[in-house]
Amino acid sequence: MSLAELICPAGTPAALRTAVDAGADAVYCGFQDATNARNFPGLNFTPDELAEAVTYAHARGTKVLLALNTYPPAGKVDLWRHAADTGARLGVDAFIVADMGVADYIARMYPGVRLHLSVQAAASSPEAIRYYCENFGVKRVVLPRILTIPEIRQIRREIPCEIETFIFGNHGLMVEGRCSLTNYLTGQSTNMDGVCSPASDVEYVRDADGSMSSQLAGFTIDRFGPEEKAGYPTICKGRYAAPHRPEGYYAFEEPISLNLSRLLPELIEAGVHAFKIEGRQRSKSYVRGVVRAFRAAVDDIKAGREANIADLIALTEGQKQTQGAFETKKWR
Amino acid sequence: MAVNTMTKLTLGPIAYHWSADARRDFYARIADEAPVDEVYLGEVICSKRAPFHEADLPATIERLERAGKTVILSTLAEVMLKRERKATEDLAAMDTPEIEVNNAAGLYARGKRPHRIGPFMNAYNDATIAWMAGQGATHVCLPAEMPAPAIAAAAQAAVALGLGVEVQVFGRASLAVSARCYHARAHGRTKDNCQFVCEEDPDGMPLRTRDDRPILRVNGIQTLSESYVDLLPEAARLIAVGVTHLRLMPQAVDMVAVAQVFRDVLDGRVPTGEADARLATLSGDAGLSNGFYHGTAGYRRIAAAAPA
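Heads up: the sequence lines are chains A and B, in that order.
Going by our numbering, the residue at position 223 of the first sequence is 223; the numbering climbs one at a time, nothing skipped.
Going by our numbering, the residue at position 144 of the second sequence is 144; the numbering climbs one at a time, nothing skipped.
Hints are computed from structural coordinates only; laboratory data are not their basis.
Among the hints, a few may not be true.
[Stated by the list, open to error] Here are the computed lysine-lysine pairs in the DSS-like style, where the Cα-Cα straight-line distance is at most 25 Å:
id	chain 1	residue 1	chain 2	residue 2
1	A	K329	B	K82
2	A	K329	B	K112
3	B	K8	A	K330
4	B	K48	A	K139
5	A	K330	B	K112
6	B	K86	A	K330
[Unchecked claim] A short list of chain A residues far from chain B (calculated; beta carbon distances all over 10 Å):
id	residue
7	L43
8	A74
9	D99
10	R153
11	Y184
12	G187
13	D222
14	I256
15	R292
Keep in mind the model is a prediction, meaning the values are calculated, not measured.
No residue lacks a Cβ here, since even glycine has one placed at the ideal position from N, Cα and C.
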């Protein structure tokens, strides 16, 4: 039977306490540096803050997972090793890793601490997942958001570890851990620096005709009419022109959120052990609302009751949402 | 003076959906005329394309080897479907030629038998390279986005372990892969009924910003840089820090001439500045860039420092 653990984002100490209080089974967080994939200004934890967070969470039966899920460039590996040392010393319940060198270090130095394979490792086949299980003792894989439920069910049968899937939040389009789009335009790397379409490079420029351009590092990622709400310039959610689409179109994906609340029972049945909510960059009140609603839904399903998902739909009201690849491979 | 005549020039796998005829002609010319030492073959991007050209592989391998080239077969970057798992397993089972692995599924299938690490494997650092070497890796191609200090540190570690070290020095940089086909999407189709529309764009489908600035190229599930990476001016530095192999990625330009330009510089026959101007001409409308190497935005072109 699937445990259906709820894994919740903690971008700040306050968000962590909020998620714990709202019923998270585990929270995930990172340090204030390049060792995690949400290295955004104002987010993440100092070692002292993490120590307090672990105490707070453990006192309430909640686990703390430390994201060390970026790829250290040669010459800087010590930053990741020190982060692992600190996490182990503070008693985190698992490390979320992507880089083989980092995984190997933790497996050798801290064999008693669980390793989870980050979505940034992009392991999307039973063979790839088994590689990490057999070599580093990985206990859980966070699956890329590209698989259908029948495919997840099949993978579950062929791997020796638990499965965690994203169920809510940002809908990443590219294979995680293999994307250098941000570095191409801004000089900051998603893999090496933990940065994606950074706010420091964002500008909104009002054009003469009243339309608004949202720009990243001087590149127009999208343009909005005077009546449209200008969106954040995330490269893979921008509108571009192609030879067959001179008018401009969402070449990769629309600005859209993942919401799998309707699929929870099927995911549990397919053998998914843990559900991940994206959003370490989100506010405390957002975290509170989302975690509470999913806590209730998961508890209902586990108790054999019909889950009331109206609250979850309401959370994304006014925003487009998708079940992405999980529902149909036509998404591809 | 020759920069280094020991340095190997390699030709990476064709990223695009070139027709079987185009591929035959291309590799015949490479075999006969291109001063490259090693050639990577095989479909790396989309498993649906493989049936169009895999029947020609044995003849292509034979032709290239007869011309004195070392041939390496590259595995898929994305492995998810049954046919992709099978293709990866089949390649991993081969004794010859060598294989270059681009997905952890390939590492799993290969076990500890010798193999090369491809650019999609994220070998960013000394610890990872040491791990891979311990598992049978003989050679590593570094990710295209690595800056010079990281390349130097990674190369030093790899050389100390006896590994070959490769860096892409020409052609569009791979910036992302996805499960979704963006070529099909542009034509209102899905991956399963794509009708191989990617064949229309032998150098990728250009995307322009809404204020008409070229920005990216789409190649099926892959997104590439608009500009061609050009590290010809940096080649001497790469070799000095231990890089043993320089990779040219096939683009829809005269690749024999491109290879000759690099070879001429490596052999000391043509000054770098003159050779680089020639490379710009050969590259046509594509801008040239070296930003990743210089630790800045990848699309940028940083002028070479004046020689001391």
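Let me make sure I understand: some of the numbered hints might not hold for this structure. Which ones are they, in numerical order?
Numbers 2, 3, 4, 5, 8, 9, 11, 12 and 13, in rising order.
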